[in-house]
Each structure stands twice: as C-alpha cells, then as structure tokens.
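**Student:** Residues per chain, in single letters:
Number of protein chains: 2
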Amino acid sequence: MLSLDYANCLADRVGAHGLDPAILAPGGDVATAMAAHTQRLASTRGTNWERWRDLPFDPVRTAHLTAVRDIASRCRGRFDNLIVLGIGGSALGNIALHNALNPATHNLLPDGVRTGPRLFVVDNVDPVAFDNVIEYCESAGGGLHRTLFNVISKSGETAETAAQFMIVRERLRALLGAGHAEQVVAITDPARGTMRQICEREGYPTLPVPDGVGGRFSVLSPVGLFSACMCGIDIEALLTGAAEMDAVCSRPQVERNPAAMLALLLVELGQTKGKTNHVLMPYASNLYSMADWYRQLWAESLGKAKDLAGNTAYTGFTPIKALGATDQHSQVQLYREGPNDKVIGMIEVEKFDTDVPIPTGLGVEALRYLEGRSLGELLSAEKRATEYAFVESMRPNYTIRFPVADAYHIGQFISLWQIATAYAGLLLNIDAYDQPAVELGKQATFGLMGRAGYEKFKNTVDQTLRPTERIING
Amino acid sequence: MLSLDYANCLADRVGAHGLDPAILAPGGDVATAMAAHTQRLASTRGTNWERWRDLPFDPVRTAHLTAVRDIASRCRGRFDNLIVLGIGGSALGNIALHNALNPATHNLLPDGVRTGPRLFVVDNVDPVAFDNVIEYCESAGGGLHRTLFNVISKSGETAETAAQFMIVRERLRALLGAGHAEQVVAITDPARGTMRQICEREGYPTLPVPDGVGGRFSVLSPVGLFSACMCGIDIEALLTGAAEMDAVCSRPQVERNPAAMLALLLVELGQTKGKTNHVLMPYASNLYSMADWYRQLWAESLGKAKDLAGNTAYTGFTPIKALGATDQHSQVQLYREGPNDKVIGMIEVEKFDTDVPIPTGLGVEALRYLEGRSLGELLSAEKRATEYAFVESMRPNYTIRFPVADAYHIGQFISLWQIATAYAGLLLNIDAYDQPAVELGKQATFGLMGRAGYEKFKNTVDQTLRPTERIING
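Protein chains in written order, with our numbering: chain A, 1 to 474; chain B, 1 to 474.
Check before you lean on any hint, since a few could be wrong.
Unchecked claim - Within a straight-line C-alpha distance of at most 30 Å, the following computed DSSO-like cross-link-like pairs (lysine-lysine) qualify: (1) Lys-442(A) <-> Lys-458(A); (2) Lys-321(A) <-> Lys-306(B); (3) Lys-321(B) <-> Lys-321(A); (4) Lys-306(B) <-> Lys-306(A); (5) Lys-273(A) <-> Lys-321(B); (6) Lys-458(B) <-> Lys-321(A); (7) Lys-306(A) <-> Lys-273(B); (8) Lys-306(A) <-> Lys-321(A).
Unchecked claim - Not close to chain B: a few residues of chain A, all C-beta gaps over 12 Å, as computed: (9) Leu-41; (10) Asp-54; (11) Asp-58; (12) Thr-66; (13) Ala-72; (14) Thr-158; (15) Ala-191; (16) Pro-210.
These aren't lab readings, by the way, just hints derived from the structure by calculation.
Heads up, the beta-carbon is just placed ideally off N, CA and C, and yes, glycines get one too.
Using the sequences provided together with the hints, build the complete structure.
**Tutor:** What follows is the structure in structure tokens.
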C-alpha cells in the first residue's frame with residue numbers, strides 16, 4: 001500500500017507554519033468532525049456525482065472491464081497508432097496512466113517491442129501540433145488505415161474535441177468511406193447527446209462515460225481504461241488498487257485514513273496558515289503527469305466563488321506540479337526563500353523497476369563519492385536532502401510513498417486523491433462537482449465563432465476588450 | 001516584433017484588482033524611477049553577472065556562432081541521436097528551443113525528414129527514465145556509436161549531471177576505448193573546474209559556459225545554441241531577435257519598454273494587490289516549454305529571503321505554467337472563481353505555420369458553427385473568450401503577442417524575460433543572480449551519499465527527519 005507521511009506538516013517540525021498536533025488528537029473536535037464527514041461520504045457514495053466511487057467495484061467494474069477488453073481485443077494488431085481526441089478530464093488521466101506505466105520511449109519502440117500502438121493524446125486545438133501528429137500517422141507512421149481514433153466526449157459538444165473529430169472523420173471517410181467506422185472508438189454518453197447520435201448514425205463502436213461520473217473523476221472508467229488497455233497496462237490491477245485504497249479511506253479515524261488526513265492538512269494549512277499553493281512534486285519522472293491529472297482534480301473541484309449556502313467564498317488552492325530532482329535546480333530556491341505560502345507534497349518510489357549503477361574508475365576526487373552508487377540511490381538521497389531543507393526553512397511538506405510504481409499503486413494514488421477531494425469539498429462546504437466558471441468562456445467562444453444564438457457574446461467581448469493604447473510594440 | 005498588451009492589468013478593466021493607470025503617467029514618480037532603473041541597467045550591462053546581455057552582440061555573438069557551428073558541422077551526419085546531459089539552466093532552455101521550433105514528432109521522423117539527430121534532454125537522475133533512453137539508443141535507435149552526448153555543466157560537480165556522465169563515459173569506453181572522445185561534446189567553464197580537467201585529459205571537444213553567465217541566463221550561449229544548431233534551428237535568427245528586443249528594452253520610457261513594463265506590472269500587482277502567483281499560459285502547444293524555462297528564471301532569480309540591505313524579505317512570486325486552450329478544461333475554473341491571487345500572462349500567436357480547416361458536411365446542427373472554420377481560428381477565439389472571462393471576473397492578465405512563432409521571435413521572447421527579470425531584481429532590491437537556498441540540499445545530498453567532509457549533514461538530516469508515528473500505512 002501507499003503510505004502518507006505528514007510529520008512535516010506539524011508545528012513540532014515547522015513551527016508556526018505547521019498545524020498544532022493537538023488538534024489531531026483522537027476524540028477531539030477535529031477527529032469527531034472528520035468522522036462525521038466519513039459517515040456522510042459513506043451515505044452519499046454511489047449517488048448523484050459520487051458514482052465515481054462505484055467504478056472499482058462490481059457490478060460496474062466487471063461490466064467496464066468486459067466492454068473495454070472486448071473492443072480492445074477486436075482492435076489489437078490492427079493499428080500502429082492510437083490517437084485520443086479529448087481534452088481536460090478526457091485526456092489528463094489517459095496521459096497520466098500512459099506516462100506512469102509505459103516507458104518514455106514507448107512511441108519510438110519498434111513493433112513487437114512496444115506494448116500496443118503508439119499513443120498520441122491530442123488535447124489541444126493547436127493547428128501545428130495537430131497537423132504534426134496526423135501528418136506523421138499519414139506518412140511515416142504506417143498510414144491512417146493503421147490509425148485508430150478514440151474520441152472522448154460525454155456530450156459531443158466540447159468545441160475542441162468536436163473540431164478535431166470533424167477533421168478526422170472527413171479524412172477517414174475520404175480514405176475508407178463508410179468503412180471508416182472501423183477506425184473509430186467513441187467514449188460518450190450511453191443514451192443521449194450529440195456524439196451518441198453521430199455514433200448511431202455512423203455505426204461507431206462505443207464505450208460509456210457513465211452517468212454521475214464527472215470528467216475529472218473519470219480516469220477509472222472506460223475514459224481512461226480503453227487507451228490504457230490498448231497500450232498494455234494492467235487495468236484490472238488499477239481497479240484493484242483503487243478498491244483497496246477506497247477501503248482504507250473509509251476508516252472513521254482520521255489518523256488512519258490517508259484521504260481524510262490529506263484533505264484536512266491541506267485545507268487547514270490553506271485556510272489557517274496561508275498555505276494556498278499546493279505543490280505536488282514526484283521524485284520519479286514517469287509520475288510527473290500524475291501531478292497534471294491532480295492539478296485538474298484539485299483546481300476545478302475546489303476553486304469556487306460560492307459556498308453551498310450561496311455565500312461569497314473564493315475558495316480553492318492553486319495546485320502546482322513540480323518534478324524532483326529536476327526542479328531542485330529551478331523551483332527550490334523559491335520554495336525555501338520565497339513567501340511561505342505552499343505545502344509541498346513529495347512523492348517517493350521505494351523500489352524502481354530498474355536501477356543504473358554509477359561505475360568506478362573516473363579517478364576524479366570531487367566525484368569519488370558517486371562511484372559504486374546508483375542513480376536510484378542518488379535520487380532517493382536528493383529527495384531526503386530536499387525534504388530536510390524544506391523543514392529547515394519551516395516549509396510544510398508531506399510524502400506519499402510508493403513501494404513500487406505499478407498499476408496497482410497508481411490505482412491507489414488515483415483513489416486517494418479523488419476521495420481526498422471529496423473530503424476537501426465537505427471541509428470547504430462547496431460543491432466539488434460543478435464547474436460554473438468555465439461556462440462564460442465557452443459561450444464567448446461560441447459567440448466569436450458565430451454560433452447561432454450567441455451573437456450577443458461577441459458584442460460583449462468586443463466591447464470589453466476594445467483596443468486601447470496600453471500596448472507596447474517593438 | 002512581439003507586442004505586450006497590458007490593458008487588462010489596470011483598474012479601468014479589473015477594478016481594485018488592477019493598478020491605477022495614473023501611476024504610469026509619463027513624468028510621474030513611477031516613470032521616473034523606472035527610467036533610473038533603465039539607466040542603472042545600462043551602466044551594469046556586460047559586467048559581473050550581467051554578461052548575459054553581451055551574448056546577442058559582437059564580438060561574443062560571432063565567437064559563439066563560429067565555435068558552435070564548427071563543432072556541429074564536424075558532428076553532422078555522424079549521429080542518429082543527441083543526448084543532452086544537464087539539469088536546470090543546462091536543460092530547460094534546450095528543451096524550450098527544441099519544442100518551440102521543431103515538430104512535436106521530431107524524434108519519430110525518419111532520417112532525412114528529421115532536421116538533425118533525435119534529441120533527448122535527460123534532466124533527471126530517475127533510473128527508469130535514464131535507462132529507457134540509453135536502452136533505446138543502444139538497440140532500436142542505431143547504437144551508441146551513432147549517439148552523441150552533450151554534457152553541460154559549468155563546474156562538472158553538479159551531482160546529477162556528473163552521475164549521468166560517469167555512466168555514459170563508461171559505456172562509451174567499453175564500446176570505443178579512447179575513441180569515445182568523438183562521441184562527447186562538453187559545454188563547461190573555459191578555464192577551470194572538474195569538467196574542464198576531465199575534458200583536457202580525455203580530449204573532448206568543448207564549448208564555453210561564458211564567465212558571468214548564470215545557468216538560467218545561458219540559453220543564448222553555447223549551452224542552448226549547440227543542441228539547437230544540431231537540430232536545425234536558426235541560431236543566428238535567435239540572437240538577432242534577442243539583440244533587437246534588447247534595444248527596445250533599453251528605452252527610458254516605461255510605456256515604450258516592454259521588459260520594464262512587465263517587471264513593473266508583476267512586481268506592483270504582487271506587492272500591492274496580492275497577486276503573487278504569476279501564470280504564463282501560451283495558446284500554442286509548442287510554446288509550453290518556454291513557460292517551463294520562464295519558471296526557473298522568475299522563481300530562482302526573485303525568490304530571496306534577504307534583500308540587498310540584508311533585511312528579511314521573503315520576496316518572489318510563484319511562476320506557474322499553463323497551456324491554452326487545454327487548461328481551460330483544468331485550471332480556468334480556479335483562475336476565475338478561486339482566490340484572486342494571480343496575474344495571468346497569455347501568449348498569442350497571430351499566424352500559425354500551418355492551419356487545419358474544419359470541413360463542412362457533418363450535418364449536426366449543434367456543431368454547424370465550426371464548419372468551414374479552422375483550428376487556428378478556434379484557438380484564437382478561445383484565447384479571446386478566456387481573456388474576456390478573466391476580465392469579467394476581475395482577474396488581471398496581459399498578452400504577449402507573437403506575429404509568428406519562429407526563431408527570431410523566440411529570441412525576442414527570451415531577451416524580454418531576461419531583461420524583465422533584471423528590472424524585477426532592482427524593483428525588489430534583491431540579488432537576482434544568486435541561489436543561496438539550493439546549497440543546503442546539495443550539501444545534505446553529499447552527506448547522505450557519503451562524500452568526505454559532509455558527514456555532519458547526514459547526522460543532521462537523520463536527526464531532523466527521525467521517524468515518527470505521523471505516518472498512515474494501508
């Protein structure tokens with residue numbers, strides 16, 4: 001199991017910048033309140049927008065595993081490239097699983113060595129980046145007829161994904177006519193919406209974005225599982241890890257429940273100690289994208305202008321991704337000497353899949369201490385040294401420890417943060433499942449793109465952003 | 001030229017969260033103070049740690065271009081892979097230039113289509129990631145004898161780079177004996193230090209890390225230019241762009257000097273309006289790594305515990321990278337409804353190298369507005385819509401506009417931020433060129449790794465981080 005070490009968030013380690021350990025005492029007010037939140041979460045799990053908690057458990061689990069594996073097995077061997085078209089919660093989990101569990105060189109490896117097709121998650125509408133990927137697949141990558149497109153959109157109306165899909169569909173149709181349906185797997189609403197209509201008309205195989213599972217809580221649904229399965233990831237182990245972490249995170253005692261403790265620490269340090277920036281800094285390159293996934297979960301769930309009573313709140317914390325040891329040479333100067341406004345979450349892997357020995361024999365005195373050691377030992381020492389340096393400058397921090405970074409423990413990590421987010425929503429008394437502030441930008445985009453019914457937004461945008469002289473040209 | 005549009009940082013756009021435009025009036029106190037800072041920077045340029053300002057100008061410019069091209073031309077055609085061994089300022093600029101100016105699929109492209117060798121910048125000591133890259137080059141990538149290693153370390157004593165280098169040197173020696181020197185290009189101190197000694201002993205060709213150029217200000221020196229040149233980037237255009245931006249950023253009038261204005265806005269909004277988080281959000285996938293380069297520059301230069309008078313300061317701002325439109329689906333909810341503690345810097349590209357039309361004919365009413373438009377138009381509309389949404393929720397923001405994202409304008413961007421950082425150092429009255437807080441972690445790492453003379457650090461670390469019961473296991 002993962003462990004959570006939070007000693008460095010407490011006042012006996014980081015003085016006034018940490019929490020008083022006494023508030024955590026069993027039987028105290030905080031422990032009692034957290035136990036009540038745990039009870040509340042037990043009562044709401046599997047209802048409304050908390051149906052993501054069902055994903056690792058039967059019957060949903062088996063239904064999804066079966067459906068995903070069925071389509072994946074029909075696709076296996078037929079494709080050199082898999083292009084995921086999705087954005088936000090329909091992309092970040094896919095990227096995170098792939099980067100965590102496949103080698104950084106995956107796309108470079110030859111057929112037969114690589115586990116599954118090359119994977120490209122195209123989560124932007126940048127025309128250059130999009131063209132690069134399509135152009136590669138069309139020419140050097142084996143051709144579009146060897147490319148599978150996995151379009152992910154619950155409604156089908158997300159502008160970015162829809163635009164990508166429209167381009168891809170046209171190119172596939174030009175090449176393959178009606179047979180192009182063999183090159184598309186859609187993950188969308190099982191019953192309604194624009195993408196569902198299109199799928200039925202065109203005969204695309206589909207997998208569900210389940211009801212009651214929001215985008216940022218969907219990685220353990222087919223949204224994340226299909227591309228992972230195609231690229232050789234053990235999706236069953238992911239779900240098993242998630243299920244076991246769910247059990248641990250259902251314990252009533254906050255001091256034995258890592259999700260409750262994580263939420264409590266981060267919310268308390270944020271609200272009472274001004275630590276409103278929450279860094280997640282894996283000491284493992286392949287876990288860096290997990291920090292990107294966390295970034296959406298933590299930002300979009302907790303950044304809210306109103307609380308549940310309708311009061312003005314402006315809650316939330318700014319999640320920041322960093323990478324150890326790399327960012328010691330970029331961010332640690334600030335983290336130690338800048339404003340003390342952060343909690344730094346470090347991630348440590350106890351045993352790497354492989355280690356690389358540092359040879360003897362260079363014969364340079366200043367580097368002798370490295371001889372006979374290994375990169376893994378050096379990385380671990382750097383993590384510990386940096387943790388010490390944070391404590392020394394009174395910067396609260398915690399460590400999430402992975403015994404190994406495999407699918408089982410990645411599943412645990414996902415479950416841990418999702419449940420911690422649910423706790424944080426209760427602690428902040430906000431709706432952790434909506435995202436009202438993204439609507440205005442969408443409507444304004446519609447207006448600027450000339451969508452019927454949104455004309456007024458174009459006028460408002462043009463009026464608000466009318467040209468001024470506050471511009472410096474060369 | 002790049003332009004800087006800062007209208008949305010002012011109170012007439014974002015109310016009390018913006019600066020009073022009156023403070024910017026020509027002849028006022030602020031304008032006068034900024035003119036004095038400009039004069040000060042003119043007097044210190046090219047001295048001490050401000051020798052980076054000489055890099056785009058002769059004689060340094062021609063000397064570097066000649067030396068870099070000379071070694072690059074000797075290497076051209078001999079290598080399938082180029083592996084940069086460096087960290088922090090010896091890696092971030094290389095990554096940023098490459099990602100900005102070569103396609104995301106560069107490493108996948110076949111010989112002859114790709115401009116130069118595949119590029120891997122290995123800026124961590126993660127054993128799995130390191131092994132993936134070396135293993136790929138040894139087997140599928142054409143073999144180590146077709147792999148050039150570019151080791152970058154001023155002193156040669158940076159633990160991460162030294163460890164990587166020791167491993168690589170041993171593997172090359174096993175394969176090629178003394179001839180392995182042909183596979184290494186070192187960028188290091190021109191006169192002294194551990195790496196310099198090694199280079200002389202082994203006969204490696206070298207390029208200089210010039211005196212008075214700190215790591216985070218070194219991208220326009222051979223540190224950044226060599227790998228860029230190898231991979232087909234127009235390094236002369238980079239320097240030309242930087243030189244022209246330097247001239248613009250030497251103008252005494254703050255309202256005509258984008259570096260002075262950028263520093264003024266960010267420092268003032270940070271210090272007087274609580275906007276201590278400084279987001280940089282390119283609306284262009286290939287510029288995302290430029291935000292990572294900026295992240296080191298802004299964090300490490302300005303995050304200081306003491307000011308120049310020795311007073312406790314805890315200055316600095318937290319630079320955050322984000323990507324448009326992608327992060328609209330991840331961070332914008334927080335940026336609009338969370339604590340109003342950010343300035344959001346948007347980057348816009350007016351003309352993309354290529355655009356991708358969105359075809360007509362899908363026949364779905366809800367998506368009709370996208371038909372006949374293009375990805376570039378959609379991305380521009382999203383940027384403008386999001387800018388509007390930020391203003392609507394009183395979030396200060398500015399836009400840096402690229403006419404096109406080519407080497408010339410990337411050079412301008414680098415120069416703009418480097419000079420802005422120098423101004424910010426003056427405004428904060430701190431030393432923008434040191435990084436004292438990273439020393440403790442380095443020393444503690446030496447202690448934990450058993451380096452002679454650092455034993456006491458191991459004891460201190462072990463004592464500080466002694467095990468507690470504040471740990472939750474599964």
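**Student:** Against this structure, judge whether each hint is valid.
**Tutor:** The hints, checked one at a time:
no.	hint	result
1	Lys-442(A) <-> Lys-458(A)	holds (12 Å)
2	Lys-321(A) <-> Lys-306(B)	holds (26 Å)
3	Lys-321(B) <-> Lys-321(A)	holds (9 Å)
4	Lys-306(B) <-> Lys-306(A)	violated (38 Å)
5	Lys-273(A) <-> Lys-321(B)	holds (25 Å)
6	Lys-458(B) <-> Lys-321(A)	holds (28 Å)
7	Lys-306(A) <-> Lys-273(B)	holds (22 Å)
8	Lys-306(A) <-> Lys-321(A)	holds (26 Å)
9	Leu-41	holds (17 Å)
10	Asp-54	holds (21 Å)
11	Asp-58	holds (21 Å)
12	Thr-66	holds (28 Å)
13	Ala-72	holds (23 Å)
14	Thr-158	violated (8 Å)
15	Ala-191	holds (17 Å)
16	Pro-210	holds (19 Å)
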